[in-house]
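Colleague: Those sequence lines, one after another, are chains A and B. Going by the numbering used here, the letters in the first sequence line up with residues 1 to 114, in that order. Going by the numbering used here, the letters in the second sequence line up with residues 1 to 110, in that order.
These are calculated hints, taken from the structure and not from any lab test. Note that the Cβ used here is the ideal one computed from N, Cα and C, for glycine as well. Treat each hint with caution, since some may be false.
Selected chain A positions facing chain B (in silico; Cβ < 10 Å) [said to hold, decoys possible]:
#: 1; residue: Thr31
#: 2; residue: Gln37
#: 3; residue: Pro43
#: 4; residue: Glu101
Just the calculated beta-carbon pair ranges, DEER-fashion [claimed, not checked]:
#: 5; chain 1: B; residue 1: Glu55; chain 2: A; residue 2: Thr96; range: 29 to 35 Å
#: 6; chain 1: A; residue 1: Ala20; chain 2: B; residue 2: Glu56; range: 21 to 27 Å
#: 7; chain 1: A; residue 1: Ala30; chain 2: B; residue 2: Asp39; range: 23 to 29 Å
#: 8; chain 1: B; residue 1: Tyr51; chain 2: A; residue 2: Lys83; range: 25 to 31 Å
#: 9; chain 1: B; residue 1: Glu56; chain 2: A; residue 2: Gln17; range: 45 to 51 Å
#: 10; chain 1: B; residue 1: Gly41; chain 2: A; residue 2: Gln59; range: 22 to 28 Å
#: 11; chain 1: A; residue 1: Val55; chain 2: B; residue 2: Pro8; range: 20 to 26 Å
#: 12; chain 1: B; residue 1: Thr67; chain 2: A; residue 2: Glu85; range: 32 to 38 Å
Covered stretches of chain B, as calculated for chain A (at least 3 residues, CB under 8 Å) [stated by the list, open to error]:
#: 13; stretch: 45-58
#: 14; stretch: 100-110
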Amino acid sequence: EAGVAQSPRYKIIEKRQSVAFWCNPISGHATLYWYQQILGQGPKLLIQFQNNGVVDDSQLPKDRFSAERLKGVDSTLKIQPAKLEDSAVYLCASSTGRIQETQYFGPGTRLLVL
Amino acid sequence: EDQVTQSPEALRLQEGESSSLNCSYTVSGLRGLFWYRQDPGKGPEFLFTLYSAGEEKEKERLKATLTKKESFLHITAPKPEDSATYLCASQETGGFKTIFGAGTRLFVKA
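Taking the hints into account, I'd like the entire structure generated from these sequences.
Modeller: Right, dumping it as structure tokens:
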């Protein structure tokens, strides 16, 4: 079974530029999560989708971050404009959508904002 | 505010030296307590889920236990390949929000 795919793996941008990350979850997984992991910290949930709908985006900085999940499968996370403090690893995870279900993580995208 | 706190931040062990990692949580209604392993440059890899106080789960040299306020990850006779960051996370009953701790970085020396 293929795992969660993310691209790109690395991205370096200047502050105030825009950037987008892509995630393809495990086939059949209804729930998709985006996390931000700053160096030395645990992952912080940014947004959670159940199929096409948003379940939780309470920690998403909506003035600069946006996310969508197309047709309940792939998802993109966008930052516009980027700030220095956005430098982090952006992790995508998916689960089947049943309660108490395990989340399976992708390899992450490392973003460096200069 | 719901919180997950892990200790110690870092732990250095000799090969074969058993120890425990601690995860304390304050979420009022616990749906599940998760343990993950994260290697450098990779995403977290699932280890265990615990659902109720008194529950225990084992996998090779790892054993996870759960009380009403804490979870422990016991490592018996660790090997260098057990070196990684171990993350715990709580999921609440009210919603589906998952909160991660900062992790414990484990170094096992041969």
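Colleague: Evaluate the given range 45 to 51 Å for the C-beta pair formed by glutamate 56 of chain B and glutamine 17 of chain A.
Modeller: At 49 Å between Cβs, range holds.
Colleague: Quick one: are alanine 30 of chain A and aspartate 39 of chain B within 23 to 29 Å, going by C-beta?
Modeller: Since alanine 30 of chain A and aspartate 39 of chain B have Cβ atoms about 28 Å apart, the given range 23 to 29 Å holds.
Colleague: Take the shortest C-beta to C-beta distance between threonine 31 of chain A and chain B; is it under 10 Å?
Modeller: 8 Å, holds
Colleague: Measuring from beta carbon to beta carbon, are glutamate 55 of chain B and threonine 96 of chain A in 29 to 35 Å?
Modeller: Once the Cβ atoms are compared, 21 Å apart, the range 29 to 35 Å for threonine 96 of chain A and glutamate 55 of chain B is violated.
Colleague: For the restraint on glutamate 101 of chain A, tell me whether the closest CB of chain B is nearer than 10 Å.
Modeller: It holds, given that the least Cβ distance between glutamate 101 of chain A and chain B is near 9 Å, below 10 Å.
Colleague: Quick check on a hinted range of 25 to 31 Å for tyrosine 51 of chain B and lysine 83 of chain A, using CB atoms only.
Modeller: Between tyrosine 51 of chain B and lysine 83 of chain A, where Cβ atoms are some 39 Å apart, the hint is violated.
Colleague: Should the hint that glycine 41 of chain B and glutamine 59 of chain A are 22 to 28 Å apart at their CB atoms be regarded as holding?
Modeller: 24 Å, holds
Colleague: Is the hinted range of 21 to 27 Å satisfied by the C-beta distance from alanine 20 of chain A to glutamate 56 of chain B?
Modeller: 43 Å, violated
Colleague: Measuring from beta carbon to beta carbon, are valine 55 of chain A and proline 8 of chain B in 20 to 26 Å?
Modeller: 34 Å, violated
Colleague: Are there at least three residues in the stretch 45-58 of chain B whose beta carbon sits under 8 Å from a beta carbon of chain A?
Modeller: Held - the stretch 45-58 of chain B has 4 residues with a Cβ nearer than 8 Å to chain A, which meets the minimum of three.
Colleague: Quick check on a hinted range of 32 to 38 Å for threonine 67 of chain B and glutamate 85 of chain A, using CB atoms only.
Modeller: 36 Å, holds
Colleague: Per the CB criterion, is glutamine 37 of chain A less than 10 Å away from chain B?
Modeller: 8 Å, holds
In this structure, the hints that do not hold are numbers 5, 6, 8 and 11, in rising order.
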